[in-house]
Amino acid sequence: MNKIVVNDLKDLKNAAEKILTEMGEYNIFALNGSMGAGKTTLIKEFCETLGVTEVVSSPTFALVNEYSSGNNDPIYHFDFYRIKKIDEVYDIGYEEYFYSNNYCFIEWPELVLELLPKTYVYILIEESDDGNRIISYSVHSSE
Numbered sequence: 005m006n007k008i009v010v011n012d013l014k015d016l017k018n019a020a021e022k023i024l025t026e027m028g029e030y031n032i033f034a035l036n037g038s039m040g041a042g043k044t045t046l047i048k049e050f051c052e053t054l055g056v057t058e059v060v061s062s063p064t065f066a067l068v069n070e071y072s073s074g075n076n077d078p079i080y081h082f083d084f085y086r087i088k089k090i091d092e093v094y095d096i097g098y099e100e101y102f103y104s105n106n107y108c109f110i111e112w113p114e115l116v117l118e119l120l121p122k123t124y125v126y127i128l129i130e131e132s133d134d135g136n137r138i139i140s141y142s143v144h145s146s147e
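Residue numbering for the sequence shown follows our numbering, beginning at 5 and increasing consecutively.
No lab work stands behind these hints: they were computed from the structure. Just so it is clear, CB atoms sit at the ideal spot from N, CA and C, and this is done for glycine as well. Mixed in with the good hints there might be a few duds.
[Stated by the list, open to error] DSS-like, lysine-lysine: derived pairs with alpha carbons at most 27 Å apart:
no.	residue 1	residue 2
1	Lys89	Lys22
2	Lys7	Lys122
3	Lys88	Lys122
4	Lys89	Lys122
5	Lys7	Lys22
[Said to hold, decoys possible] Pair ranges (Cβ atoms, derived):
no.	residue 1	residue 2	range
6	Ser104	Ser146	15 to 23 Å
7	Val143	Asp77	33 to 41 Å
8	Asn76	Glu130	33 to 41 Å
9	Asn11	Glu147	31 to 39 Å
10	Phe65	Met5	26 to 34 Å
11	Ser146	Asn18	18 to 26 Å
12	Leu13	Lys122	16 to 24 Å
13	Met5	Asn106	33 to 41 Å
14	Ser104	Asn11	34 to 42 Å
15	Phe65	Asn106	32 to 40 Å
16	Met39	Asn75	30 to 38 Å
17	Ser72	Asp134	36 to 44 Å
18	Tyr30	Ser72	32 to 40 Å
Assemble the whole structure, with the sequences as input and the hints as a guide.
Have a look at this one:
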């Protein structure tokens, strides 16, 4: 796994740019980390890097938010923290999003693992004892 240590929130922009550049051919990003680890904040940086000018916020109750990239391509942001049954994810038509070839950023992916595409970028955000964030990322493939 690749790792980036983020000492300050302003370093997140560089981390987002680096991850997007290194994972250039992939568009599904599954972000894991404890509550408050910085998943939504990193997704905001991904979206900004991709040219989103809208306010990026966690879709905790809506399950998915859609933004427009700098090229007017849709970008999807999921938050599955509050799902109680996998049927809720079927009900929003997850396949149309996950297999659209557009960027999808997914918070709490462990709750929908069986629905994720076979290949995606897995990102783990951990907080170190000194308050820094350690962002580990790699391509996950079940093929």
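(message) Given the hint of 33 to 41 Å, is the C-beta distance from Asn76 to Glu130 inside that range or not?
(response) holds, 35 Å
(message) Holds or violated: the 32 to 40 Å window for the beta-carbon distance between Tyr30 and Ser72?
(response) Violated: the Cβ-Cβ distance is about 20 Å, outside 32 to 40 Å.
(request) Starting from the range 33 to 41 Å, see whether the pair Met5 and Asn106 falls in it by beta-carbon distance. (result) violated, 25 Å
(request) Starting from the range 36 to 44 Å, see whether the pair Ser72 and Asp134 falls in it by beta-carbon distance. (result) holds, 38 Å
(request) For the pair we were handed, Lys89 and Lys122, check the Cα-Cα distance against 27 Å. (result) holds, 21 Å
(message) Given a hint of 30 to 38 Å, does the C-beta separation of Met39 and Asn75 actually sit inside it?
(response) Given a distance of about 33 Å, which is inside 30 to 38 Å, the answer is holds.
(message) Just to be careful, I want the Cα atoms of Lys88 and Lys122 compared with a cutoff of 27 Å; is the pair within it?
(response) This hinted pair holds, its Cα atoms lying about 23 Å apart.
(message) Can you tell me whether the CB distance of Val143 to Asp77 sits inside 33 to 41 Å?
(response) violated, 21 Å
(request) Using the beta carbons of Phe65 and Met5, state whether their distance is inside 26 to 34 Å or not. (result) holds, 32 Å
(request) Could you tell me whether the CB distance from Ser104 to Asn11 stays inside 34 to 42 Å? (result) holds, 35 Å
(request) Starting from Lys7, check that the Cα of Lys122 is at most 27 Å away, please. (result) Holds, because 22 Å separates the two Cα atoms, which is no more than 27 Å.
(request) Using the beta carbons of Leu13 and Lys122, state whether their distance is inside 16 to 24 Å or not. (result) violated, 33 Å
Consistency note: the structure conflicts with the earlier hints numbered 1, 7, 11, 12, 13, 15 and 18.
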